[in-house]
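Same order as they appear, the protein sequences are chains A and B. Residue numbers for the first sequence follow this note's numbering, so the first one is 1253 and each next one is one higher. Residue numbers for the second sequence follow this note's numbering, so the first one is 383 and each next one is one higher.
It cannot be assumed that every hint is accurate.
Claimed, not checked - Covered stretches of chain B, as calculated for chain A (at least 3 residues, CB under 8 Å): (1) 396-409; (2) 553-565; (3) 570-582; (4) 785-795; (5) 998-1006; (6) 1048-1058.
Hints listed in this document are in silico derivations from the structure and should not be mistaken for laboratory results. Glycine included, C-beta positions come from ideal geometry on N, C-alpha and C.
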Amino acid sequence: MLVKVAINGEKHEADVEPRLLLVHLIREVFRLTGTHIGCDTTHCGACTVLLDGRAVKSCTVFAVQAHGREIMTVEGLEQDGKLHPLQEGFVAEHGLQCGYCTPGMLMTSYAFLKKHPAPTEDEIRRAISGNLCRCTGYVNIVKSIQHAAAQLQGGT
Amino acid sequence: MALRTTPEVGGMGHSIKRKEDPRFIRGRGTYVDDVVLPGMLYLDIVRSPFAHAKILKIDTAKALAVPGVLAVITGQDLAKYNLHWMPTLMSDTQMVLPVEKVMYQAQEVAGVLATSRYAAADGVAAVEVEYEPLPVVVDPKKALLPGAPVLRTDKKDKKDNHIWHWEWGDRAATDRAMAAADVVVKEDIYIPRIHVASIETCGCVAHFDKVMDQLTVWMTTQAPHAIRTVFALVAGHVGLAEHKIRIISPDIGGGFGGKVPVYPGYVIAVAASVLTGKPVKWIEDRMENLQADSFARDYHITAELAATKDGTLTALRIKTLADHGYADAAANPSKFPAGLFHVCTGSYDLKAAHVEVDGVYTNKPPGGIAYRCSFRVTEAVHTIERMTDIMAHQLGIDPADFRMKNFIKPEQFPYKSALGWEYDSGNYAGALKLAMDKIGYADLRREQAEKRKRGELMGIGISSFTEIVGAGPSKHFDILGLKMFDSCEIRVHPTGKAIARFGTKSQGQGHETTYAQILAEELGIPAKDIQVEEGDTDTAPYGLGTYASRSTPVAGAAAAMAARKIQDKARKIAAYLLEVAPEDLVWEPGKFSVKGSPDRSKTIQDVAFAAYTNHPQGMEAGLEAVSYYDPPNLTYPFGSYICVVDVDKGTGEVKVRRFVAIDDCGNIINPMIVQGQVHGGLTMGLAPALLEEISYDEIGNIQGGSFIDYLLPTAVETPKWETGHTVTPSPHHPLGAKGVGESATVGAPAAIANAVVDALWHLGVRHIDIPITPPKVWRLLRDKGVTE
């Protein structure tokens, strides 16, 4: 089946099997490998991308379901050589270690901050509870998201 | 420790930002599943639904008819090359693919090779295997009973399921001390089977180049050099020679011990690539990862602790059954089948101790490995910290006072433990005192007393652990004969920038940053000017890898020693340039100056340039050094953790209200990274304390084989960790550092378990096995008649 999508603003198309998962379309057909796979059961969130602005776990979406839609991946966060405040926040607050869950964390946080620009710590913790991290213990991820929220609120 | 370098140089003690991060936050890391080679094939694996069964027939016809499927590899195929069995790190044997029978649920039965990931999965579904189920042995106690089915029928003359008996310490002295004690407490403690579950699973891309006779394997491994040697030793007879094997460990998405062993999938992928001459990718899915990869722990412990009436600990006796599954595939140093479990006297000045461990075969996956813990140290710490708490409660002494009274005192270091370890340094009372002050211990005890009057369940738990890391001195430590040194090679370029390569492999610990900081400290070259590389056996010096918190104690020391060799040579070059004797120069990081004439100086960059453009006659050009560091002793990080829990009488849920962790890892390289390691370690301590367990039903079906029922902590369950430090430098490490990656995982479970038992002691509860889940607590409360 023909799938046409825009990923990070760039148009892509491919002829794929109907059963192909969106994460495999992104990673293996279009070779954007920042989106990761960590489980088979929609629990870990390493594969989180935005589909028309909404955070989805791309291991549980068929590629064909994304037809005609806009996808944003971690590779789309940096704009014109400028890091997104979330990316800056994760570096500043040591919000990553092995880096494997990081793209999913960033995308979940991106969608969350769009809707909740001034969240409480508790709200942040609930928002990222569908993304598992084995390295950081989450404390610094929460700080990273707070860092980004402050930057975005400040209009910088 | 006073800072010796500026933030721009970024030596030890500076929280510089990580060099790894720019690629990871852009999604530009290279993990093994990101490696794609032209013509690459995909391997998927058929796995057994039975825990113990004869294989009657494997019918591959339907699988081979699936479009894209090229081959189905069975044990019979590998047997032709004598590759159907392989040795484990503990010199036992395990199957790559079975010929006669399977020994655990999810065991590899056949490999399907196809042109795509999906075709390979279709092929797996189409392979038809006929099994004849055999009696299953799940319980290690029953495994040892007369008449239990003998599992390892492949071993001639094996008549039972007992693997080995190991004991350590003075049995007679311990028995005497136990008999003479005023009080002895005894408890059965089960430390369940768990899984590291790094978010990246395991996998590889194996590429055998038939023209060059060269095998390259991109692989999720924590120990690439050791893997290369193992491959050469195991597959030498089929033509793989070590100089023609290259192991590349790319970015690793978490290791925690789970990426130390060689799993059958790697071997099948290599065999498939050697046979086809094509690159072969094997990436396990999460369920394969949880169900078949090496587990951790699974120790059935009976512990007895003895004391005098006044609360002085005197003796410890431990007997343990170690459930290894169907093969002892533990990742331990060869001489220590139970790892470093005999550090179980912990932080206390016990005069007598004896420990026995018996390894047992069952129908479960082989193991065990560590779970972010130096060889079996969590098992040791959990036991002594639980027992100490039980004793304190039994004697009616506050657990903090009780620990203070029994700690090894600062002036006793170096301290020889009753089980033979020489603890290098420590100040246990200092760490506990700081933790108590930080959490407000006295106030919490008052609050607890008031709440108890109102019937509310609040508990305070302490764990004052001693770690043992940095394996290790080559006299005692080897893996398959390979001594456990580690290495660093430094090349300073003419313009004063440098590259350094190591025998270790970071899996998130931030080595690219911290090793550069060590070199910045020793050479004064800014950390940003130092490129750190690991994980490629063609370029890095030989080393035993990263696990058991050994990178800083061993490879970090190698970095310092190699840098000091460079500094020695640099001094001679600077002396030549300044026309003075080498001993007339004063070194500060980055600069030699003439004694008494500080304006006459040469920077390390000046010297580096001269090393290639104007070196003294009679001296070799260049500025390079390599060090293979063999530590004189292990290091002994320690800490005191205090946890406050509230127990819900309606649901049995344990809520960690506060958790203060004071760690002492000696001198600190990067405080930001150390704190991050502690946060992560604490969360991997919380996990087995409250959530994680892999158990089996009576016919060996795994319970907890996916993230649906194997529960990793999310941001919601994880408390806001409060951390702090004391600094007691290691006297023998060149930087006074000790290692920190696993301390918190080792220390945290006991603090949580002690807090829960503390909340329930007055109801008559003495011990609860981890994980302390709501149903387990609720049943206890119901039995005590206090549920709401």
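Checklist entry - Of the numbered hints stated previously, which ones are contradicted by the structure, given in increasing order? => result 2, 4 and 5
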